[in-house]
Each structure stands twice: as structure tokens, then as C-alpha cells.
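Use the sequences and the hints to build the structure in full.
Below are the chains, spelled out letter by letter.
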Amino acid sequence: MNCHAVKDLLHAYLDEELDTATTGEVKQHLRTCPACSQAYTSLRALQQVLHTNNLSLPAPASLRERVQLAVYQEDQVPFFQRSVRFWLSALVAILVLTVLIFTQFFASSSYNTLTQQVLASHIHALQQKHLVDVSSSDQHAIKPWFDGKLAYSPPIVDLAAEGFPLVGGRLDYLDRQSVATLVYQHNQHVITLFLWPAQGTEGITLQTLQGYHLCSWTRSGMTYWATSDVDISQLHQFVILLQQKVAT
Amino acid sequence: MTTPNKRAYFEHVFLPHLDAAYNLARWLTRSEQDAEDIVQEAYLRAFKYFDGFRGTDSRSWLLAIVRNTCFTWKQHELSRELTIPFEEDAYSDVGESGNPEELLMQSISRQELKEALEALPTQFREIIVLRELEDLSYKEIAAITHLPLGTVMSRLARARKRLQHALTGQKSSEKLAEEGGVK
Numbered sequence: 005m006n007c008h009a010v011k012d013l014l015h016a017y018l019d020e021e022l023d024t025a026t027t028g029e030v031k032q033h034l035r036t037c038p039a040c041s042q043a044y045t046s047l048r049a050l051q052q053v054l055h056t057n058n059l060s061l062p063a064p065a066s067l068r069e070r071v072q073l074a075v076y077q078e079d080q081v082p083f084f085q086r087s088v089r090f091w092l093s094a095l096v097a098i099l100v101l102t103v104l105i106f107t108q109f110f111a112s113s114s115y116n117t118l119t120q121q122v123l124a125s126h127i128h129a130l131q132q133k134h135l136v137d138v139s140s141s142d143q144h145a146i147k148p149w150f151d152g153k154l155a156y157s158p159p160i161v162d163l164a165a166e167g168f169p170l171v172g173g174r175l176d177y178l179d180r181q182s183v184a185t186l187v188y189q190h191n192q193h194v195i196t197l198f199l200w201p202a203q204g205t206e207g208i209t210l211q212t213l214q215g216y217h218l219c220s221w222t223r224s225g226m227t228y229w230a231t232s233d234v235d236i237s238q239l240h241q242f243v244i245l246l247q248q249k250v251a252t
Numbered sequence: 271m272t273t274p275n276k277r278a279y280f281e282h283v284f285l286p287h288l289d290a291a292y293n294l295a296r297w298l299t300r301s302e303q304d305a306e307d308i309v310q311e312a313y314l315r316a317f318k319y320f321d322g323f324r325g326t327d328s329r330s331w332l333l334a335i336v337r338n339t340c341f342t343w344k345q346h347e348l349s350r351e352l353t354i355p356f357e358e359d360a361y362s363d364v365g366e367s368g369n370p371e372e373l374l375m376q377s378i379s380r381q382e383l384k385e386a387l388e389a390l391p392t393q394f395r396e397i398i399v400l401r402e403l404e405d406l407s408y409k410e411i412a413a414i415t416h417l418p419l420g421t422v423m424s425r426l427a428r429a430r431k432r433l434q435h436a437l438t439g440q441k442s443s444e445k446l447a448e449e450g451g452v453k
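Respectively, the protein sequence lines represent chains A and B. Read left to right, the first sequence gives residues 5 to 252 (the numbering used here). Read left to right, the second sequence gives residues 271 to 453 (the numbering used here).
Incorrect hints may appear among the rest.
Claimed, not checked - Result set (DSS-like, lysine-lysine): computed pairs, CA atoms no more than 27 Å apart in a straight line:
1) A/K31 x B/K409
2) A/K11 x B/K409
3) A/K133 x A/K153
4) A/K249 x A/K147
5) A/K31 x A/K11
6) B/K409 x B/K384
Unchecked claim - Sample of chain B residues facing chain A (criterion: CB under 7 Å; computed from the structure):
7) R277
8) D289
9) E306
10) I378
11) L390
12) L403
13) Y408
14) R428
For the record, the hints were derived by calculation from the structure and aren't laboratory data. Keep in mind it's a predicted model, so treat the numbers as computed, not measured. Note that CB positions come from ideal geometry on N, CA and C, so glycine has one too.
Below you can see the structure in the form of C-alpha cells.
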């Protein structure tokens with residue numbers, strides 16, 4: 005090991021930061037090299053003078069107590085803050101929850117209940133075995149029956165050729181008004197169609213409630229609700245056919 | 271929620287380092303009053319961040335906080351100091367000239383030593399304090415100062431050289447003056 009290398013390692017050697025092998029090499033070099041040995045001695049002298057002069061200043065006695073008091077106070081306040089924060093966020097959560105419950109409640113009274121009304125009307129008629137007040141498979145016979153009973157003339161469509169023959173019609177009371185109800189048949193199943201004038205967003209909504217499928221849509225100023233226990237694909241087909249025929 | 275146990279545990283772990291914390295703060299700021307305020311602040315921060323302390327070296331962790339607190343405390347003053355230049359290359363390595371430095375060293379008073387250390391620029395002063403006064407390893411110093419190990423070593427070498435020059439240079443000129451007087 006040469007002087008240049010030892011010079012770089014001298015500090016680490018002094019501070020005992022070198023591995024055993026390197027320490028040995030430096031030690032060996034110092035034995036034989038007066039210049040490096042001198043440099044090392046100077047360094048060690050500096051270190052010793054720093055150690056022997058008690059330059060480490062101990063903390064004043066009061067500081068310990070001061071620190072302990074400060075930590076104690078810090079320990080108290082955050083708890084209170086955290087407590088307040090906890091209750092504030094809990095309050096906000098309760099408020100949000102309350103608002104949600106109320107909006108759900110009011111929302112359901114205008115829409116969900118309608119779904120339930122539609123379904124109830126369908127099932128009730130089946131239970132009573134009173135599906136229609138005017139019985140005919142001919143749309144031209146049913147239409148005049150609604151005259152004078154409603155403020156509007158419901159479009160009635162014949163779908164017998166497609167497998168959905170008309171059974172008849174009746175009146176129902178839905179969404180706070182009298183509505184035209186048309187009863188169709190498909191195989192052994194009954195499809196009830198409710199329709200009344202209303203504005204709304206176009207687009208079909210499909211729901212299933214208690215095993216019955218309900219399909220609702222609004223088009224050209226009329227809202228339609230069709231419900232049945234047929235397969236949803238069949239109900240959907242019925243709706244598509246109906247929409248096509250009503251449009252013409 | 272903090273429990274009395276957390277505070278008791280915190281004190282158990284960190285209060286033993288109070289002297290080391292004060293010593294470092296005192297040498298960095300060169301003010302006893304500031305050192306006390308800084309130590310209190312550092313302990314508060316340590317307590318706040320205690321939950322995040324996962325290591326095993328509580329002393330290094332605390333001293334790093336003390337150091338940071340010092341620098342943010344008197345940022346203004348300390349940054350002014352660090353801009354003072356020093357032509358290191360002008361100084362030759364002490365020890366090669368053959369002067370009996372160790373004899374000179376031994377005759378240095380505590381006051382002279384204190385003043386020489388306080389006169390060092392902060393980055394050199396802190397590394398001398400951490401190595402020689404606090405007896406920390408290079409690795410611990412690197413952890414506290416967030417410096418790479420190589421920088422720690424080179425900075426320590428330069429710090430020692432400066433301190434030697436500050437002490438022996440002074441002594442050499444004094445000795446010459448003395449000898450001059452006797453004659």
C-alpha cells in the first residue's frame with residue numbers, strides 16, 4: 005500500500021471504520037513510513053484534545069422537565085382535537101345518511117310506487133279474474149269504449165298475427181289519474197299494457213319485481229307500461245312490435 | 271387516541287438522548303437559549319411522528335430531527351455563514367512539515383478549542399460534533415445528515431484539517447512571537 009492510498013484511509017483508520025484486512029495493511033505501512041506516521045499522530049492528537057476537553061455540553065436540568073411538560077401538553081390537546089374531529093365527521097356522516105334516506109323516500113313515492121301500482125293492478129285483475137271491462141280482440145271495438153271515459157284516445161294496436169292477440173280493455177287508476185289499460189295474451193300468459201299521456205325521457209326501462217317483468221317507456225307524448233310473467237325476451241319482443249305498429 | 275402508555279414509552283426511548291440532542295443543537299446554533307428551544311421543538315416533532323418510527327436507532331432518528339429543527343430555526347443566519355469561502359488548497363497537509371503538532375495540541379486550552387470549533391463553518395462543525403463529541407459511526411452520521419457515506423468521510427477529513435490549521439497555525443505564530451520576545 006502506498007502513501008497516497010494510506011492518506012485517504014487515515015481518517016477511517018483513526019475512527020476504526022476499516023475492515024480487519026485493510027486496518028492491518030495501514031498499520032503495516034505506518035510502521036515503515038515516517039511521513040504517514042506523522043500525519044496519523046497529528047490526527048490522533050486532534051482527536052484526543054477534542055475528547056479530553058469535555059466539550060460535550062450536558063443539557064441543563066430544567067430542560068428535561070420542560071421537554072416532558074411539552075410532550076404532556078401535546079398529548080392532551082391532540083386528543084381533544086381528535087375528539088372534536090371525530091364527532092364532526094360523525095355528524096356529517098349522519099347528515100348525509102339522513103339526506104340520502106329522505107331523497108330515496110321521496111324518489112320512491114314518485115317512481116317506485118308507480119312500478120308497484122302497475123304490478124298490483126296487473127296481479128289484482130288476474131286474482132279477481134276480471135281482466136277486462138270491454139272484451140274483444142278487435143281494436144276497432146275497444147277504442148270507442150274509451151270515449152268519454154278518458155281525456156285522451158289511446159292508440160290500440162293489433163298484434164294477433166305476431167302471437168299477441170288482444171283480450172280487451174279496462175280503466176285503471178295509476179299515478180293519480182285514470183289510465184287506459186289494454187290486455188293482451190301470449191300463449192297462456194297475460195300481458196297488461198297501461199298507457200297515458202306524459203312527457204318524459206325516451207328510452208326503455210326494464211325491471212323485474214316479484215318475478216314479474218315490467219317494461220316502461222315514453223314516446224310521442226305517451227307513457228307506456230307493459231307487465232307480464234312471460235320471459236323477458238318475449239315481453240321485449242311485444243314492446244318492440246307495439247312501438248313499430250304505434251309509430252305507423 | 272394516544273394513551274399514557276405511548277407517552278411513557280416515548281419518554282423511555284428518547285429522553286436518554288437529551289444530552290446528545292442539546293449538545294448538537296448548542297454547537298450548531300452556538301446559542302444556549304436557542305438550543306433549549308430547539309430541543310423542546312425537536313422532541314415535540316419526534317412525539318408527533320413517533321408512530322412512524324420503525325427503526326431501531328432512536329438516537330440517530332432524534333438527532334436528525336434536532337438537526338433539521340436547527341436549520342429551519344435560524345435558516346437566515348446559517349445560510350449567510352455557509353457562503354464564506356475558504357481556500358483549502360492553499361494549506362498543505364499538516365504533519366508533513368515535521369512540526370511536533372501533538373505537543374502544540376496538548377497545550378491548547380479548552381477555551382481556544384471551543385472558539386476554534388465555533389468558528390468552523392456549520393457543515394464542518396456539525397460533523398466534528400457528531401464524530402468526536404457524540405462518538406457516532408460514519409453510518410450513523412450519514413443517516414442523521416442524509417449525506418452519502420463518501421461525503422461524510424471527505425467532509426470529516428476537511429473539517430479536521432481546518433481545525434488543525436485553526437489551532438496549530440495560531441499556536442505556531444504564538445510560539446514564534448514568544449521566541450522572538452525571549453531573544
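Which hint numbers does the structure go against, in order from smallest to largest? Per hint list: 11, 14 violated.
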